[in-house]
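Starting from the known structure of chain A, arrange chain B on it as the hints suggest.
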Amino acid sequence: MTGVDHHDQAGPADPGRRRFLKAAGLGVAIGVGSSVALRLGGVIGDDGTTPWDPDDFPPPGDARVAVLRASSYDRGLESTVADGLRAIGADVRGARVVLKPNLVEYDPGVPINTDPRLVAATSVALRRLGASSVTVAEAPGHRRDLQYVATRSGLLEALGDVDTPFIDLNTEPIRRVPLRTRYTPLTELWLPEALVEADVVISMPKMKTHHWAHVTLSLKNCFGCLPGRVYGWPKNVLHWVGIENSILDIATAVRPRYAIVDGIVGMEGNGPISGTAVDAGLLVFGDDVVATDTIASTLMGFDPESIPYLAEAGRFLGQLDRDRIADDGEGPDAVAMSFERAPTAETGGRTG
Amino acid sequence: MGDKVTASGTAHDLLRRSRNVDGGYGPRPGAPSEPEPTALTAIALDDDAARAWLVSNQRNDGSFGLVDGFVRDEAATAIAALALAAGHVQERALDHLEALEAERVPFSEAIPQDGSITGWPWTDDTFGWVEPTSRATLALKRFRPGSPRIEQGVALLRDRRSVGGGWNYGNRLVLGEELPPFAHTTAIAVLALHGLDDDLEREGSERLRSLWREERDGPISLALSRAAFTAVGDDDEVRAVERALDDVVHGSDLLADTVTAAWIAIVTGDGLRRILP
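Going down the list, the protein sequences come from chains A and B. Those letters in the first sequence? Residues 1 to 352, by the working numbering. Those letters in the second sequence? Residues 1 to 277, by the working numbering.
Please keep in mind that the hints were generated in silico from the structure rather than gathered at the bench. There may be inaccurate statements among the hints.
To be verified - Now the stretches of chain A that chain B is said to cover, found in silico as 3 or more residues with beta-carbon under 8 Å:
1. 133-146
2. 162-173
3. 183-194
Ideal Cβ positions, reconstructed from N, Cα and C, are used throughout, including at glycine.
Isolated chain A, as found in the complex (with noise of 0.2 Å):
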């Protein structure tokens, strides 16, 4: 038995493969990586055809989406969760969950990885609502030291503490999983078993700006589930294909049914990294991660249709229409907050 998989001898000699990539690097995507412009609807869409196939998405349902306030990572937040999922219906009763957190970066005082006293409350609460299991799993795009990053976070203790296993998805056996979306020509994704495997899969991002991607929430958050000794430290041929286009196809693979947004300190300016933090004292819960990313960049301030790949997400993957997304907990105009946009290549650097 071999892990290798040379099913495809289509390599660097493969003339589409180079003009695109060639094509897309002009724009490019370095490292933490700008993105080539978005190939959405408008181009694909030309030939009056979609990314998708409309058997597989039908036009996206009402959704229900949870904004709750907490205001610490230390008091209570199991309970706090826990009626976050009860207000959005989640039902995890024997199911095989995995909790996707956003597990970046260690910097002291920088509030840049999903807090792991929020991880480990939402493993309990899981469990009290029934999970059979729940395993906290990330393969992180920067580092490939993982035990640094997972120990000085806090998450391994944290996760230690409630008696809840953390799996790296860069080492997990991985799958050949056929994309369902065609924003990217990649075509397949090598996703590890245990996302393919899981019952249900919650994403659970940071609130944070992101200088590449405006906002990153629960559908930039998969990012973090591709392993990086496929795709590289940093993941860097998802940043010439597009990182938005990237975004799309990743979400519409691993098809996270539940997301619950780290928004009691979120981080603004330039993010994902190098932001600082708003004590925003909110979690967003929601049973659809398009209408999740939609109340939680409407909360930070941003328009959610300015956002490109959001924007496009609601087309197809899930629900962006305000009217349609009952709003549970404090709602989206209760708190009115203005998180700095991050720089971008087309600023200069300069934030604002």
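Coordinates of chain B only, in the frame set by chain A:
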């Protein structure tokens, strides 16, 4: 009272559990064999069965990788070249490595890097990064010391070093923000530069002295730091890192990562002799 748990003992135990009946090693125990953990373990244990697995899993173009579709990973080729016995298979791997060039990206205000320098990518037809470039430079330095590509590897490392020294994955400045170095990537860059650029090597190893202490919870960072200090002949740092490595591995399962275990076995055994000239 039982024997003291050492990093070496823990690493060798994990490697034993990661070995498959086909002679190769998986990325974790119970996983199918893959090129990178197999190549690193071949170096660590001088394992001929692992080498045989590599020989039978070389791609047609001489490279070694895990998947081969639109995404075609390349990072194992340099390590495999270091692991293989001299001969045709190794020569084909080195040929591939010499021919493999990362894409260039023009200098921009957002990412001010020298667009004329090519290095080695993680996956085909993408940008060059510190770790794969360091690996390729190590392999060429060991077996093809006259290769003109070696200077390109050094040039990339010179261009990408962080402000104040050291390396992260490969971005010095992004959107006006100085990005800090990591121990892991700084260590492998120092290994690559050893004997090629004394000033850069010295600057990197100086920075590494503080970095590994800041990142002492990371076993792969410590293992590579120990390798770098061994290369530069800093015995005090070698001993200090080794103590830290034993401490961090104590009670740890290394997240079941065979690659981490293999690096620990390499640096605590005699595997470095197979990597450095």
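These are the hints, each one checked on the structure:
no.	hint	in the structure
1	133-146	holds (count 5)
2	162-173	holds (count 6)
3	183-194	holds (count 5)
The structure shown violates none of the earlier numbered hints.
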